[in-house]
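Given the coordinates of chain A, work out where chains B and C should sit on it, guided by the hints.
These are the residues of each chain, in order.
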Amino acid sequence: MDLAGIVAYMPFFLGLVGIYAIMTLGLNVQWGMTGQFNIGIAGFFAVGAYTTAILTTGPADGWLGGFNLPFLVGLAGAVLVCLPVAWVVGRITANLRTDYLAIATIGIAEIIRLFVLNEGWLTHGTRGIPGIAKPLGMGTLNYTLVILAFVALIYVMVEVARRSPWGRVLRAIRDSEPATAAAGKDIARFRLQAFVVGSCIMALGGGLYAHFVGFISPEAFRPLYGTFLVWVMLIAGGSGNNLGALLGALVVWIIWSSTELLAGLVPVALIGSESAFRIFLIGVLLQIILVTRPQGMLPERRPPMPGEKRP
Amino acid sequence: MIELIHLLINGIVLGSILALGAVGATMIFGVLRFAHFAHGDFMAVGAYFALTVVTVFNLPVLAALPVAMLGMAGLAVGIDQLIYRRIRRVQPVILLISSFATALILRSAIQMIWGGSNQVYEVGIQLPWRIGPIAIKPDHVLIVAAAAILVLLVHGFLTRTRMGKAMRAMSDNMDLALITGIPAERVIMWTWAIGGALAAAAGVLLGMDTRLHPTMGWTLLLPIFAATILGGIGRPYGAILGGLVIGCAMELSTLVLPGTYKPAVAFAIMILTLIVRPQGIIKGSV
Amino acid sequence: MSLIQAEGLYAGYGGVDILRGVHLHVEADEIVVIVGPNGAGKSTAMKALFGLVPIRAGTVTYLGENITNRPPERMVTRGVAYVPQEANIFPSLSVLENLELGAYAVPGDLTPRLEKVFALFPRLKERRRQQAGVMSGGERQMVAMGRALMVDPHLLMLDEPTAGLSPRLIDETIQRIQEINQLGIGVLMVEQNARQALAVADRGYVLATGENRHEDTGPALLADPEVAEMFLGG
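Residue numbers (this note's numbering), protein chains in the order written: chain A, 189 to 499; chain B, 5 to 290; chain C, 336 to 569.
No lab work stands behind these hints, which were simulated from the structure alone. Heads up, some of the hints might be wrong.
Said to hold, decoys possible - Covered stretches of chain A, going by a simulated chain B footprint (3 or more residues, C-beta under 8 Å):
hint, stretch
1, 330-337
2, 470-479
Unchecked claim - Partner residues aside, some chain B positions facing chain C, computed with beta carbon under 8 Å:
hint, residue
3, 87
4, 89
5, 165
6, 168
7, 169
8, 170
9, 172
10, 176
11, 177
12, 179
13, 183
Quick reminder that beta carbons are idealized off the backbone N, C-alpha and C, glycines included.
With the rest of the complex left out, here is chain A (with noise of 0.2 Å):
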């Protein structure tokens, strides 16, 4: 590997960086500012990918499509479809535990998984989407720029939104609902639109994703593999944080593609599968912070409730 080769490859390494750092930060919005559980991540990012591919690519041959949009109403209409189906999930979640919160979401994305996986009159199947452009013709580089961007301006909308006066509700419920319901504040409705507005950013992820590598599949939305990552990268970057989200994924992304080396050094006969070894490798990374550092490399900053435990 080369110095050549490591440059040439890092405008897509910072793609897909920026992608997962998205994501991220959606899933802060609802984990890390309400305490919501979701594990159907997969499920938004294939509902805004899809939408960005059938309403942006050309004529299509046994699917709906052809619709030739541009790039930015195709992101819109990610942004859009999203918002009925996070509705429709969050009013059906909303008031669930944790654990049942958990067990929805997973099982919404999957749903979603399989209905990609059937409808082939929408999304043609396991056959997939072919020749999603990049928008102007832009090359890798350029349209990592772009991605670059949309990070710039998501964070700085969650950033805002965190200070807000909304956010500081968000944060009161996480935090004490009772405490926030007495004072009168409708937690579900609160809820709801954390949830909403951290899925559409999810949705929109997936967009992004759609047009950088040019072909989706329901292969792409297996719901372990890129959820799995994106816990990771939020616990690792610190929860709550949306600074910790950004460099969670950042690290995580970079001990991912490493694992990827230390799995090509180790000989095959000792391992089976590279893939399943890596897996491996991230679940016992997991594991080791939970236990010793679950709060991440950059804990949420806020001062202590009286008599609050310390996280």
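Below, chains B and C alone, put in the same frame as chain A:
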């Protein structure tokens, strides 16, 4: 009509497997208060343990079953001692995430050790028994019988032994159990052992019915959780009922829906339960 | 030597002291009652003795042994039983199973202990196979107390045993508590129905805002006009 009966038979077979998985999951849910996301992979590990015994010692599957159960019981207790015990006191959600990580670790370990392709316990197709126009695979009868026996054993344990009653007590009211002087850590260890053993059994039976694959457990996790919720958290008998109901619902749904949507049926029932009667059919503790 | 003695207790949750220098003691066959307004720390005091609330400063001795901050399991094996005010039974278990579990930490022949409990609460014997969760409030209270008695305690701690009961059941409960005491078991109880509790008490403590306010024999506290005005209104 014949098709209906065959689907019902399949439903009972699947339901028996789900019931075994759900009983273990509900006990863990009840005593430890969290949804154990690695439960499906406990099933898979059990199935693969049995596979090793079958291939190395040339034994029939059912002889390998107790070995698999014991092995998984030990592994479950080990995982708890090594990992979960250290984060039990921190925050319940951390435990959830950790079980998620455990699931992936186990699944990838299976793939590394045994490989990712489909495997079976016995090669060859079984000839079904025929009762009139109805065909029943002998394996199906074995699965249901094995599940029934195990369920009876669990019932005996929970109602006739001191530890079993202590487990039910902790599931009912954790605080009072501590006040009563019931040794929480010991009960927790037994809960993992039994939960793990039952999961292993469910996995072996699943392997008998279909085939072995690293993701075999994860695919059933949602229906198992659905059965647990339907039956009431912490209610073993509810879990059995829930398992059978979900199993039959999943199989019968193929009359009107494409087969790929089977997990969605289980999920829909679960959501319905959470909305309409969250405490489950038999009122659960959470 | 007192059965149980607490000196200068500072205790509370999450670093906030609810008890500020509380002291009390119970002798071997006394009935001692703790009364006081809401938020006085009465329940907290009892929980602190039992090891359910962390004690920051002060000591608790039981039969001469320092048991400050010992966990509940250790208290039970030493013959101290505690009945919380709420959620004090195992609802999905039968009455008999509830009682059996009461003796979990102190195994041995359960028959004599069960006989004792059934003698005190004949209704429990009748209903021993019934699921505890479907029983009435008064019956549940019996199960809760019976469960505690199964360890053959020297000291029984009760948190508001008459809460939510009808007047007739309150009388019955107080009577049972006296019968338990007559078996040689020391009783420490927190009560909101202060008048009736003090009427049978050997001694009583009045707590307010986490501190001792008054301490005297039961009859004396009942007769004290200041105490009557403050706390015995109900």
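Can you list which hints this structure breaks, lowest number first?
-> 1, 3, 4, 5, 6
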